[in-house]
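> Protein chains in written order, with my numbering: chain A, 1 to 126; chain B, 1 to 313.
Any given hint might turn out to be false.
One side of the interface only, derived from the structure: several residues of chain A facing chain B at Cβ under 8 Å [as the list claims (entries may be wrong)]: (1) 29; (2) 31; (3) 34; (4) 49; (5) 50; (6) 52; (7) 54; (8) 55; (9) 70; (10) 75; (11) 76.
Estimated spans, in silico, between C-beta atoms of each pair [claimed, not checked]: (12) A:28 <-> B:139: 49 to 55 Å; (13) A:14 <-> B:37: 28 to 34 Å; (14) A:86 <-> B:128: 50 to 56 Å; (15) A:14 <-> B:5: 35 to 41 Å; (16) B:248 <-> A:105: 54 to 60 Å; (17) B:36 <-> A:10: 38 to 44 Å; (18) A:16 <-> B:36: 27 to 33 Å; (19) B:110 <-> A:10: 53 to 59 Å; (20) B:67 <-> A:14: 25 to 31 Å; (21) B:9 <-> A:94: 37 to 43 Å.
Worth flagging that the hints you see were computed from the coordinates, not collected in a lab. Backbone N, C-alpha and C fix where the C-beta goes; we use that ideal spot for every residue, glycine too.
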Amino acid sequence: MARRTASPTHLSARSNDPTVLILTSLVSGSKHGWALTKDIEDFSGIALGPGTLYGAITRLEERGLIEPLPVEDRRRPYRISASGRAALTEAVREMRTLVDTGEQRLGLRTLARSVGCGSRIIGSMP
Amino acid sequence: MSERDRFESMIRWYPASWRARYAEELTTLLHDAHGTSKVPLGVRLSLARRGSIERARASGLFGNSLEGPNLTRAGSLLVLWGWALFMVAGAIDAKIGEHWESAIPAAHRSLPRVAFGVVQLAGGLGGLIVLIAAAISLPGFLELLRARKWLEIRRPVIRSMVAGVTAIIATVAIVIWSHHLSPHQRNGGFLFHGLVFVLWSLSIVIALVMATSAATAVAHHTSVSRRVLRLLGSMATALTVLMLGVAVGTIIWWAVMADYAPRFLGSGLLATSNVLPPPLIAAVFLMFAGLTFASIGTIRIAQSVALKHPSLD
Numbered sequence: 001m002a003r004r005t006a007s008p009t010h011l012s013a014r015s016n017d018p019t020v021l022i023l024t025s026l027v028s029g030s031k032h033g034w035a036l037t038k039d040i041e042d043f044s045g046i047a048l049g050p051g052t053l054y055g056a057i058t059r060l061e062e063r064g065l066i067e068p069l070p071v072e073d074r075r076r077p078y079r080i081s082a083s084g085r086a087a088l089t090e091a092v093r094e095m096r097t098l099v100d101t102g103e104q105r106l107g108l109r110t111l112a113r114s115v116g117c118g119s120r121i122i123g124s125m126p
Numbered sequence: 001m002s003e004r005d006r007f008e009s010m011i012r013w014y015p016a017s018w019r020a021r022y023a024e025e026l027t028t029l030l031h032d033a034h035g036t037s038k039v040p041l042g043v044r045l046s047l048a049r050r051g052s053i054e055r056a057r058a059s060g061l062f063g064n065s066l067e068g069p070n071l072t073r074a075g076s077l078l079v080l081w082g083w084a085l086f087m088v089a090g091a092i093d094a095k096i097g098e099h100w101e102s103a104i105p106a107a108h109r110s111l112p113r114v115a116f117g118v119v120q121l122a123g124g125l126g127g128l129i130v131l132i133a134a135a136i137s138l139p140g141f142l143e144l145l146r147a148r149k150w151l152e153i154r155r156p157v158i159r160s161m162v163a164g165v166t167a168i169i170a171t172v173a174i175v176i177w178s179h180h181l182s183p184h185q186r187n188g189g190f191l192f193h194g195l196v197f198v199l200w201s202l203s204i205v206i207a208l209v210m211a212t213s214a215a216t217a218v219a220h221h222t223s224v225s226r227r228v229l230r231l232l233g234s235m236a237t238a239l240t241v242l243m244l245g246v247a248v249g250t251i252i253w254w255a256v257m258a259d260y261a262p263r264f265l266g267s268g269l270l271a272t273s274n275v276l277p278p279p280l281i282a283a284v285f286l287m288f289a290g291l292t293f294a295s296i297g298t299i300r301i302a303q304s305v306a307l308k309h310p311s312l313d
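Go ahead and model the full structure; you've got the sequences and the hints to work with.
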C-alpha cells in the first residue's frame with residue numbers, strides 16, 4: 001500500500017490526534033495549557049492528560065507549527081503559526097475526503113441530501 | 001512538601017533540558033487541574049511514560065529533535081551506555097571463562113583461543129578508549145567547576161562517588177575473604193559465599209550505572225570544542241566496532257566450548273549441566289542490548305557528520 005511521505009509539518013489526519021486537536025483549538029485564539037485542555041474537552045469530548053498535552057506541544061513547537069507567547073502568571077500561552085494553519089488545513093481536507101468517502105459508501109450522503117431537501121421544501125411552504 | 005514541589009517531583013522523569021523549558025508551565029497546569037487534591041495514579045503514570053519518552057528522545061534513541069553537536073554528543077553517550085552494558089557482560093564472561101583452556105582437548109583449542117583473545121584484546125582496547133575519552137573531557141569538567149556550575153551536576157557525581165567507593169570496599173573485602181576459602185567453596189560450594197558474591201556483583205553494576213549516569217550529566221553541561229567533539233565521536237565509533245568484536249568472539253568461543261567441552265559450561269555458580277548456562281545467556285543478551293545502543297549512537301554520530309551542520313564545519 002502506498003504511504004504518503006511524512007514531512008515535518010504533516011499532521012496525522014485523525015480527529016483524535018492531540019496535535020490536530022491543539023491546532024484546532026488555537027485557531028480560535030491563543031491559549032495556555034489549562035485553557036487548551038478545557039476547550040478541547042468542550043469541542044471534542046476528549047480529555048487530554050497533561051503529559052499528552054505537553055508531549056504534543058513540544059512536537060508542535062519543534063516543528064514550528066505553534067509559537068510560544070510571553071509567560072502570564074506562570075502560564076505560557078501559545079498561538080498557531082502560519083505553517084501550523086497550513087498543516088491543519090491540509091489535515092482537515094484529508095479528513096474531509098475520508099468523511100465524504102465514508103458518507104458516500106454508507107449511503108449517508110443521499111439520505112442527508114434528501115433530509116435537507118425535505119426540510120427546505122417544508123420551510124418554503126406557506 | 002509544598003504544592004510546587006509535589007508537582008515538580010511528578011515531572012522528574014523528563015530530561016533536565018525539557019524541564020528547563022516546560023517545567024513551570026506543566027506544574028502550573030497540574031496545579032490548575034488538580035489544586036490541592038490528590039493527582040490520580042493514571043495521570044502520574046502518564047507523566048512517567050511521557051517523561052521517559054522525552055528522555056529517550058533527548059538521548060537520541062529516537063526522533064529527530066537533535067542536530068549538529070548535540071546529535072554527536074547524544075550519539076557518543078549512547079555508545080558509552082552500550083559500553084557500560086558490555087562491562088557487566090564482560091565481567092560475567094570473565095567469571096565463566098576462568099581456566100577454560102584446561103577443559104578443552106588441546107587439538108581444539110586454537111579457534112576458541114583466538115576468539116577469547118579477540119574478546120580480551122577488544123575489551124582492553126575499549127577500556128583504554130573510554131579512559132582516553134575521560135582524560136580528553138577532563139578540562140571541560142574542570143572548566144565547569146571553575147564556572148561554579150557544580151550544583152548542576154552535584155547529585156549524579158556524588159552518587160557515583162559513593163557507589164564507586166562502596167564497590168571498591170566490597171571488592172577488597174570479598175577478595176580478602178575469598179583467599180581464606182577453598183576453590184570448591186569459592187565456586188558454588190558455599191551458599192553464603194555465593195550470596196555475598198551476587199551482592200558484590202550488584203554493587204559493581206550499580207557503581208557502573210552511576211558512573212555512566214554522572215558522565216552523561218557532566219557531558220550535557222560541558223562545552224567542548226568542535227574538534228574535541230568530533231574526536232570523541234570517532235572514538236565512540238571505534239568503540240562500537242570493538243564491541244562487535246567482543247560479541248562475535250564470545251559467540252564463537254561459546255559455540256566451540258559447547259561442542260567440545262559442554263561439561264565446562266555446565267559447572268560453577270548457577271550450574272545447569274547444559275550448554276546454555278543462564279549467566280552466559282544473560283551476558284550475550286547484555287552484549288546485544290549494548291550493541292543496539294552503540295549502533296544507534298554510531299548512526300547518530302554519522303548523521304551529525306552527514307548533515308554537515310554549520311557548527312560542526
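> Compare the structure with each hint and give your call.
Outcome of the hint check:
1. At a threshold of 8 Å, the smallest CB-CB gap from residue 29 (chain A) to chain B is about 18 Å, leaving the interface hint violated.
2. Interface hint status for residue 31 (chain A): violated, as the beta-carbon distance to the closest one in chain B is roughly 12 Å, over 8 Å.
3. For residue 34 (chain A), the suggested interface contact is upheld, since its CB lies about 4 Å from the closest CB of chain B, less than 8 Å.
4. Given hint, residue 49 (chain A) at the interface with chain B, holds; its Cβ is 5 Å from that chain's nearest Cβ, closer than 8 Å.
5. Among the interface hints, the one on residue 50 (chain A) holds; its C-beta lies about 5 Å from the nearest C-beta in chain B, closer than the 8 Å criterion.
6. The interface hint given for residue 52 (chain A) holds, since its Cβ lies 7 Å from the closest Cβ of chain B, which is under the 8 Å cut-off.
7. With a cut of 8 Å, the hint placing residue 54 (chain A) at the interface with chain B holds, because the nearest CB-to-CB distance is about 5 Å.
8. Look at residue 55 (chain A): its Cβ gets to within about 5 Å of chain B, closer than 8 Å, so that hint holds up.
9. The interface hint given for residue 70 (chain A) is broken, as the beta carbon of that residue sits about 12 Å from the closest beta carbon of chain B, more than 8 Å.
10. The criterion of a C-beta within 8 Å of any C-beta in chain B is met by residue 75 (chain A), whose closest approach is roughly 5 Å, and the hint holds.
11. Annotation: residue 76 (chain A) was flagged as interfacial toward chain B, and the flag holds, the nearest CB pair being 5 Å apart, inside 8 Å.
12. The supplied range of 49 to 55 Å is met by residue 28 (chain A) and residue 139 (chain B), whose beta-carbon atoms lie about 53 Å from each other.
13. Take residue 14 (chain A) and residue 37 (chain B): their Cβ atoms lie about 32 Å apart, and the range 28 to 34 Å holds.
14. Hint check: residue 86 (chain A) to residue 128 (chain B), Cβ distance near 53 Å, so the stated range 50 to 56 Å holds.
15. At about 37 Å, the beta-carbon gap between residue 14 (chain A) and residue 5 (chain B) stays in the expected band of 35 to 41 Å.
16. Remark: the range hint 54 to 60 Å for residue 248 (chain B) to residue 105 (chain A) is upheld by a beta-carbon distance near 55 Å.
17. Checked against the given bound of 38 to 44 Å, the beta carbons of residue 36 (chain B) and residue 10 (chain A), roughly 42 Å apart, stay inside it.
18. Here the CB-CB span from residue 16 (chain A) to residue 36 (chain B) is close to 31 Å, well matched to the stated 27 to 33 Å.
19. Judged by the Cβ atoms, the range 53 to 59 Å given for residue 110 (chain B) and residue 10 (chain A) holds: they are separated by roughly 58 Å.
20. The hinted window of 25 to 31 Å between residue 67 (chain B) and residue 14 (chain A) holds, with their beta carbons roughly 28 Å apart.
21. Range check, residue 9 (chain B) to residue 94 (chain A): Cβ separation about 41 Å, and the 37 to 43 Å hint holds.
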